[in-house]
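Could you build the full structure based on these sequences and the hints that come with them?
One line per chain: the protein sequences are A and B, in this order.
Under my numbering, the first residue of the first sequence carries the number 1, and numbering increases by one thereafter.
Under my numbering, the first residue of the second sequence carries the number 1, and numbering increases by one thereafter.
Hints are not guaranteed to be accurate.
Pair by pair, the computed Cβ-Cβ distance ranges are [what the hints assert, rightly or not]:
id, chain 1, residue 1, chain 2, residue 2, range
1, A, Ala201, B, Phe76, 19 to 25 Å
2, A, Arg143, B, Gln80, 57 to 63 Å
3, B, Tyr77, A, Leu376, 34 to 40 Å
4, A, Arg356, B, Arg172, 54 to 60 Å
5, A, Gln169, B, Asn41, 40 to 46 Å
6, A, Ala23, B, Gln80, 40 to 46 Å
7, A, Gln169, B, Tyr77, 34 to 40 Å
8, B, Asn41, A, Ala201, 56 to 62 Å
To spell it out: a stretch of chain A is covered by chain B in this simulated footprint if at least three of its residues, at any positions, have a beta carbon under 8 Å from a beta carbon of chain B; those stretches are [what the hints assert, rightly or not]:
id, segment
9, 111 to 123
10, 331 to 341
Just so you know, these hints were derived from the structure itself, not from any lab.
Treat the numbers as computed from the prediction; the structure is a model and nothing was measured.
Glycine included, C-beta positions come from ideal geometry on N, C-alpha and C.
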Amino acid sequence: MPLDFNQVGQQIKQMGGDLRQTANHHDQLVAHAWAKLEEQSPRWEHWARHAEDNYLRSPWLLAAPAEPIINRYQLPKFPPNYCLAAVDGSQIDLDRHWAVECYLINLGLVTIQYGQQPYSKLHSVPALHYNDQELLLRDKDGRSYKMAGALVHAERDTREGIALARLAQEILEQSTTPLVAMQDGTLIRWSLSGLDPWVRAHFLQRYLDEGLAALRAADVPTCSYISHPKAPEVTGIARLIVNPTLNNTSKAEGLVDPYPGINDTKLFGNGWLGDGERSALFKSLSKINVEEYRDHAIYFFYLNVGAELARIEMPEWVAQRPEWVDLIHAVAYDQAHRGGGYPVALARAHEQAVVRESDRRVFRQMIEQALWHARLNNGSSLKQDAKAQVRV
Amino acid sequence: MIEQRIGEVIEASSTQWTTGAYELLNAPPFGSLIKAGCYDNDLCIYGLVYDIRTGSRDLGGKAMVRGGRRYDGSEFYDGQIYSEHPDLAAVLQTEWSALVIGYERAGRIIHYLPPQPPTVHYSVHLCDDDTVERFTQHCDFFRMVLHANLPIADELLGTAIRHAAALQANRREYELYAGRELARLLRDDYDRLRVLVRMLTS
Chain A
1 MPLDFNQVGQ
11 QIKQMGGDLR
21 QTANHHDQLV
31 AHAWAKLEEQ
41 SPRWEHWARH
51 AEDNYLRSPW
61 LLAAPAEPII
71 NRYQLPKFPP
81 NYCLAAVDGS
91 QIDLDRHWAV
101 ECYLINLGLV
111 TIQYGQQPYS
121 KLHSVPALHY
131 NDQELLLRDK
141 DGRSYKMAGA
151 LVHAERDTRE
161 GIALARLAQE
171 ILEQSTTPLV
181 AMQDGTLIRW
191 SLSGLDPWVR
201 AHFLQRYLDE
211 GLAALRAADV
221 PTCSYISHPK
231 APEVTGIARL
241 IVNPTLNNTS
251 KAEGLVDPYP
261 GINDTKLFGN
271 GWLGDGERSA
281 LFKSLSKINV
291 EEYRDHAIYF
301 FYLNVGAELA
311 RIEMPEWVAQ
321 RPEWVDLIHA
331 VAYDQAHRGG
341 GYPVALARAH
351 EQAVVRESDR
361 RVFRQMIEQA
371 LWHARLNNGS
381 SLKQDAKAQV
391 RV
Chain B
1 MIEQRIGEVI
11 EASSTQWTTG
21 AYELLNAPPF
31 GSLIKAGCYD
41 NDLCIYGLVY
51 DIRTGSRDLG
61 GKAMVRGGRR
71 YDGSEFYDGQ
81 IYSEHPDLAA
91 VLQTEWSALV
101 IGYERAGRII
111 HYLPPQPPTV
121 HYSVHLCDDD
131 TVERFTQHCD
141 FFRMVLHANL
151 PIADELLGTA
161 IRHAAALQAN
171 RREYELYAGR
181 ELARLLRDDY
191 DRLRVLVRML
201 TS
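Now the structure itself:
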């Protein structure tokens, strides 16, 4: 039975009208929020302190401004030569229906050099994990955690950070061209927040020590690029300005959100930033960032790349060097333009890393063949077999 | 003279194969004689290059327009596009088809289809002048090109004969020899013959 487009069409028309009304309302809220932020911008240090004092009590995510909130920066002069290291990853998760328990992490690594000596190197590094030590994490009390789902994802994130540091070190051994290391998505490991503290530390410490700390030791400007960000942290400052007495309010009582439905993309995307301009720098006050990132605490700015608003994140030791912030600003914009709206190096890294459905099928067949050759029982579940083919 | 390794077999059948170039945009000219290896080490397969193309390595990928004005006001076109986008060398691939016109076993050249096709991932070499001269001494491969059911078969054969004639000590004599062979093969198709002869004499 095909979709009844007559009925759906009417509903879509209704949705369009409703969204227009919501957008008009949002425009008013954004204008109000900017009025508050502009008024309080000279007191940015006060609001930074206030936000840092209250990030745990606030029902809204907050950021601490690192400079006057309304600061904006034009696109800096573009570096004539630069090299970019980028990493992305994907995984084939452990599937209990398979004949053997294993998971695979595939990292896409990209080096692209621009300028007088253009050069590129694209490759991927797959790693299969199947032995007990790799499939079970054990804490010091002997509790074990199965590497599946969120933990495989966390391992992939950790590996991406470490691989980026190693790639940057390799490049520096061969080239003196200014280097920027870039990752896709956020540098803040939100996904670890909900995990057991020991598990969180297991992944985060490796990520910080072998990833960000190694990049810092190698003196590499490091950042990440978030396309179409949904974060509400700068809007959180406006919320805090409207409700400065969070101190006396518990989360349970709840506060009326003065800017419902507004996030930072709506705040900065509303013509506030011109093409190529970036916002002021802010420090993210997400709990994991404040409490566990130590001297790698993540800062960010918003950048209008023309086609969209992007959020650029960087560790504190990058944010403290204005010449690096300028370099990252220019490189992120240049990359987005070369890539038709999204950084070309990240797109290439994704292409290298992605595991398509056809790859998954071949991977499974290879495993089954290997088991057969090893004269091991190919005990994949019958449910899995039933799902793999339609019996008629 | 060492024959140049230019790519490797990425698809093969008994009658034709596809070569992926080692270097982007670096394909031998249309009609060139090339040879491909086979897992049977005694065997090497000869073919004529046609249908040279460059596109995305990724299935379904499509090249997009990249030249024009940059955000800093400068303009870039043609070769500058490759300098501005060094990653293109890694995501584009040049490849070409080759029509199988014979093979060589134990030093003997045979103008028939080989017992095995070239082996996928084996090297492809551009034949040097000596090999071209040796392979084209006899015209038996003409028949395989004319009967290949390729829309560009006549163009391909005409180009190959011209390459071969240019290497012969007595070019005129070779052209006459080739012309007689073509007249024999195309005795029932005067229009095709006339076009081919005109290609050889122009």
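Hints versus structure:
1. In this structure the hint that alanine 201 of chain A and phenylalanine 76 of chain B lie 19 to 25 Å apart at CB is violated, the actual value being about 49 Å.
2. Distance hint check: the CB atoms of arginine 143 of chain A and glutamine 80 of chain B are about 59 Å apart, consistent with the given range 57 to 63 Å.
3. Tyrosine 77 of chain B and leucine 376 of chain A have their C-beta atoms about 59 Å apart, which leaves the hinted 34 to 40 Å range violated.
4. With their beta carbons about 58 Å apart, arginine 356 of chain A and arginine 172 of chain B fall inside the hinted range of 54 to 60 Å.
5. Between glutamine 169 of chain A and asparagine 41 of chain B the Cβ separation comes to about 43 Å, which falls inside the hinted range of 40 to 46 Å.
6. One distance hint, 40 to 46 Å for the beta-carbon pair alanine 23 of chain A and glutamine 80 of chain B, holds here, with the actual separation near 41 Å.
7. For glutamine 169 of chain A paired with tyrosine 77 of chain B, a C-beta distance near 37 Å keeps the hint of 34 to 40 Å intact.
8. Look at asparagine 41 of chain B against alanine 201 of chain A: about 58 Å separates their beta carbons, and that is inside 56 to 62 Å.
9. Figure legend: the segment 111 to 123 of chain A, annotated as covered by chain B; annotation consistent (8 residues with Cβ-Cβ distances under 8 Å, at least 3 required).
10. Counting residues of the segment 331 to 341 of chain A whose CB lies closer than 8 Å to any CB of chain B gives 4, which reaches the minimum of 3, so the coverage claim holds.
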